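Got two chains here, separate frames each, mind docking them using the hints?
Chain residues, written in single-letter form:
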Amino acid sequence: MRREIPLIITAVVGIFFVLQYFIPHPPFNQLNGWFSDWFSIIGACAIWLGALNLIRISADKIYRRREDWGYAIIIIISFLLITIIGFWEGNAFRDSGTGFDWLYRFIYTPLSATMFALLAFFVASASYRAFRARNLEATLLLLAAFFVMLGRVPVGDALAGIFHVPESILPSSIATWIMNFINTAGQRAILIGIALGIVSTSLRIILGIERSYLGGE
Amino acid sequence: MIVRFFAGKVSVKIKIAIICLIAQFFLVGIALSQPPTDSVIIDTLRTPPPDVTPVMVKSVVAKDNPNDDGRAVIISWDLSVDDHAGGKVTSYKIYRSEKRGGIFAEIGEAPSGSDQMMDNNVTRDEEYYYKVSAINELKEGGKTIWQVSSESDVVGPAKAVAQWFDTRRLNVFVGMIILCGLIIYYINQAKSGKKLFIRKISGLDAVDEAVGRATEMGKKIFFIPGISDVDNVQTIAGLTILGRVAQLAAEYETWIEVPVSRSLVMVTAKEIVKEAYSKAGRPDAFHEDQVHYLTDDQFGYAAGIDGMFVREKPATVFLLGNFYAESLILSETGNSIGAIQIAGTGQPSQLPFFVAACDYTLIGEELFAASAYLSREPKLLGSLKGQDIGKAIILAAILVGSLLETFNIFQLSKFFRVLE
Chain B
1 MRREIPLIIT AVVGIFFVLQ YFIPHPPFNQ LNGWFSDWFS IIGACAIWLG ALNLIRISAD
61 KIYRRREDWG YAIIIIISFL LITIIGFWEG NAFRDSGTGF DWLYRFIYTP LSATMFALLA
121 FFVASASYRA FRARNLEATL LLLAAFFVML GRVPVGDALA GIFHVPESIL PSSIATWIMN
181 FINTAGQRAI LIGIALGIVS TSLRIILGIE RSYLGGE
Chain G
218 MIVRFFAGKV SVKIKIAIIC LIAQFFLVGI ALSQPPTDSV IIDTLRTPPP DVTPVMVKSV
278 VAKDNPNDDG RAVIISWDLS VDDHAGGKVT SYKIYRSEKR GGIFAEIGEA PSGSDQMMDN
338 NVTRDEEYYY KVSAINELKE GGKTIWQVSS ESDVVGPAKA VAQWFDTRRL NVFVGMIILC
398 GLIIYYINQA KSGKKLFIRK ISGLDAVDEA VGRATEMGKK IFFIPGISDV DNVQTIAGLT
458 ILGRVAQLAA EYETWIEVPV SRSLVMVTAK EIVKEAYSKA GRPDAFHEDQ VHYLTDDQFG
518 YAAGIDGMFV REKPATVFLL GNFYAESLIL SETGNSIGAI QIAGTGQPSQ LPFFVAACDY
578 TLIGEELFAA SAYLSREPKL LGSLKGQDIG KAIILAAILV GSLLETFNIF QLSKFFRVLE
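For the protein sequence lines, the chains are B and G, in the order given. Going letter by letter, the first sequence gives residues 1 to 217 in the numbering used here. Going letter by letter, the second sequence gives residues 218 to 637 in the numbering used here.
It is worth saying that the hints were derived from the structure and are not from the lab. Take the hints with a grain of salt, since some may be wrong.
As the list claims (entries may be wrong) - Here are some chain B residues pointing at chain G (derived, C-beta under 10 Å): (1) 51; (2) 53; (3) 57; (4) 190.
Said to hold, decoys possible - Subject to a maximum C-alpha distance of 27 Å in a straight line, what follows is the list of computed DSS-like cross-link-like pairs (lysine-lysine): (5) 530/G - 491/G; (6) 608/G - 631/G; (7) 596/G - 408/G; (8) 360/G - 310/G; (9) 280/G - 310/G; (10) 496/G - 436/G; (11) 491/G - 61/B; (12) 436/G - 61/B; (13) 61/B - 530/G.
Stated by the list, open to error - Coverage of chain G stretches by chain B, computed from C-beta distances (three or more under 8 Å per stretch; other residues unrestricted): (14) 381–392; (15) 519–528.
Since the model is a prediction, treat every value here as computed from it, not as a measurement. Glycine included, every Cβ here is placed at the ideal spot set by N, Cα and C.
Extracted from the complex, chain G is given alone in its bound form (with noise of 0.2 Å):
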């Protein structure tokens, strides 16, 4: 019946009107069979509901982030009132501009109850124009459903400044003057002439009874200054009774060997050995090899020694530096062959393996009071004379403020925190 009616007499224009009929019926056909898009639901929900925006906030602060280099600002407000639990707020956003009048470009999002963000996205000394959004949204499955905001004033301009001195640490910079002080004046009143008196410390009275062990025995001494490099106290300290040993040693006529775990402190390790042979009138007697390099590594280092010490089984080991997990490797095998040690560390972990290991052992602040102990200078000792009237202020400190903090009447220890 179709072929009879489009071979018909009908016009073409009805033909054709009726074909683009059809068309027009399946492709509406067609579009309707579809499953709805996202799109289509996105735009029928993304009209907010009405009375969902939230009061902007208030007293918008942009100040200079205080106490650094000159590298953050602190934006602060006052919450918006519908910032409460089931409140309208459910985030802030924040936004940036280098002019009042500029385009202002976001630079972070606080949630909702935050009352301030740093931006640490600046330029030292340039000027920069902040202002606040509240913002209330509705979220589905990561996909904002529909957001609405209210935006606070602009404010500015503010700068970061970078600051010439760190309030923070004000507590510490007092404390660091109070106990320069008291070095100070105390080696001032030792180089004036007044007798200070110096508690006895055996470890290092022991030294020159070591060392002439050693050369009783016929045997070698054995200087083991730690793993660290030169740029640790502990180091330095345990380099300068090198100094006073190595000079006990030349005197005595005692080979004193020097193995180090790095090249700088061998280096130093050599100047001071050969120093000390030249004060005890003996230069001749150095030998270069007598400081020498082992290894960096840690345990490496251990195993050259402890195979040292059991070849060569010295009759004295002195272990002073900074020492980790080979503190007691290093001191059982000298004890295991009949040493006589003197150990030392700034490291609260190590010591008890000392102790356990050691025949005397420098604990804490010994280890750096061996140098002005062992040369007896007037003005070294006057440092160790202030060093402990700290001690005693530091004392009285920690009885006053426990009491106090007992009785709750004063948190003293507020002023001995330290910022890291």
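Chain B extracted, bound-state conformation (with noise of 0.2 Å):
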């Protein structure tokens, strides 16, 4: 029964929602809300499993002053100076002035930030080994590269208007007709395969073929 109730509740609530789809009549036209509003609950509720294994976790660490303990220290630090101040400012927590407004705009906001910027170096780097001419495909996809990103640049099209290119193999009109038509449709024959595999992947969770998510076959 540990399997089979599992496996029940997913066909039905995977039918159910299949059904809502198409049928606008009440209560299926209100079964989406409401198990959004459940799974939120759900998930509120979860958070608490989620804090206590990283505060378990982490004490744990520095308990037995395991490898990089002092991080541990640095967790159980942030997490109950921000729990404590958010709780102790009550529901204007999030006002502008209070502690936590101060923790969230001068500590968090540039921490998120900085992880953010590391995209542009990230980028670069991945680009440089991404675009080097290897072989004809590697070759391609540096020139698609180079002409996109020359043609969203002013300085594209007014290297060209030097050499007085005409106005249809601008790098921006090159750029736009890479983006809209050879871009497009890769990523519509990725979306359309993707589409069909959640579908399939939903078919088999909701036949109970698929098992493994339960843990197991």
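Here it is in structure tokens:
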């Protein structure tokens, strides 16, 4: 029964979700909202599982003096600090000028921005590897990238203008053509495959053929 | 002189009459010296000029809005003959009552040229009566100077009814039936023992090699199931692969670590890894801390994993699930430490990053095929075959549709329009 009950719940809920897309009649039209609400409630309750797991593992790391246990102290202090200040300030904890707001604006936001900014450097290093013209495909990729990058900045057309390049083959026109036709066609092909994969996976789960998400075969 | 007059022997009545007369002159003078007020102007202009009343609308129809949950009535009408450029109609007003002879309340206004309006403020299965007024009005500075109207006949009753099938989604329904039929057919074929050809997916063939490499190097394996929760099918697809990877890791006695960003994913992943260790015959080797929560925050999660990558230098990294901007941060860090990386996601915009930074990338449907491909279970492989046939049908439709539309013969694409 430990396995059958989840399978039955999955099948019933899955079928209802498929039906609600085609049936506007109540209660089917409300199912999506209900289940979203339930999921949010379960997710909100479950966050304590995650938080407690984080604290337990970090505390254990400190207690046993495992490698890099200093980071665990930072985790616990940060967690306790933001949680206590958040609860202490009550419902108004998000208001401007609160301690929580200060932590959010001057610690959390710069840290997130720093991580996001790293992307610029990672894009450069990844592009360097990807655009090396080792074979025909990589050369085509390099050429496409060259025209798209040149076409996306004003200096591309300005340079082409010096040589009186016709408008139809300006870097911006070539970049637009590559993005609108070649890139869109490729993206759509991938999206069709993904959509079919999602249908197939969902059907396997609803029919109970795919059970590995329950742990095991 | 005035003082003498009032002090003299003139009768009191005459004195009072003279005072009243003087007072009246003063009052009239004051009144005439005031600037004219708005109300005076409107009073004089409110009367509309002759022959401005528009002809009433005809053929008013009120009916249930189809394909909805019974929350709307559509009111349509034929335009008034006076509704044209420079005509007498400036707008239409729609009135509603719950009884034919009851009081009609205005429920909305449509500009001239409109021939229908939706009444979204109705109660399901209640009867309503409607009438439409063709309005001609003159406004100046936002104020109505004059207004004339002609009302249509009352129509009704109209009732908003909930439907049991949204006919606009019939094409999706047919497509779903065909696709599901194909998948079930091929599952049955596979169950009956028929051998099915499934194309090689090198990213999945490399799973054994990647786990083996970690074993040889005596280093960890990291499995990252993305940043979405278990309600995302990509996360589920990633978790199905986790079972297989964890079982291999257990057999090879290699430590697999699964840092997650959602509590529910943690619970599910923990169960999967535990089961995989049991299946490998090593339940004692499973450790609760192998699957652990980091944070729900996108960049916090990326920072935490990057830190672990750099400190612990795993030999193998699996990035399978739903990823957004953190995809390149994770995969580039994995690349910089020399880990063998197998990635897969259903986000087309993140695939180029994985292709650039990882050794193997599962593109699109390959991520969803992984479970079937790795397990080699006939029932699951059958579903892959059905999915491939579905793709072949769509490919054929694209080719035929392109040809038909190129030669302007038939718009096949209209069968594939999907309502959001």
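So, going through the hints one by one against the coordinates:
1. 51: Because about 7 Å separates residue 51/B from the closest Cβ in chain G, which is inside the 10 Å limit, the hint holds.
2. 53: Since the shortest Cβ distance to chain G is 5 Å, the answer is holds.
3. 57: Where the cut-off is 10 Å and the nearest Cβ of chain G is about 5 Å from residue 57/B, the hint holds.
4. 190: 4 Å, holds
5. 530/G - 491/G: 24 Å, holds
6. 608/G - 631/G: Measuring from Cα to Cα gives roughly 19 Å; hence the hint holds.
7. 596/G - 408/G: 6 Å, holds
8. 360/G - 310/G: 17 Å, holds
9. 280/G - 310/G: The hint holds at about 17 Å.
10. 496/G - 436/G: Answer holds: residue 496/G to residue 436/G is near 22 Å, not above 27 Å.
11. 491/G - 61/B: OK: residue 491/G and residue 61/B at ~22 Å, within 27 Å.
12. 436/G - 61/B: Answer holds: residue 436/G to residue 61/B is near 20 Å, not above 27 Å.
13. 61/B - 530/G: Judged against 27 Å, a Cα distance of about 19 Å means the pair holds.
14. 381–392: holds (count 6)
15. 519–528: Since 4 is at least three, the answer is holds.
Consistency note: the structure conflicts with none of the earlier hints.
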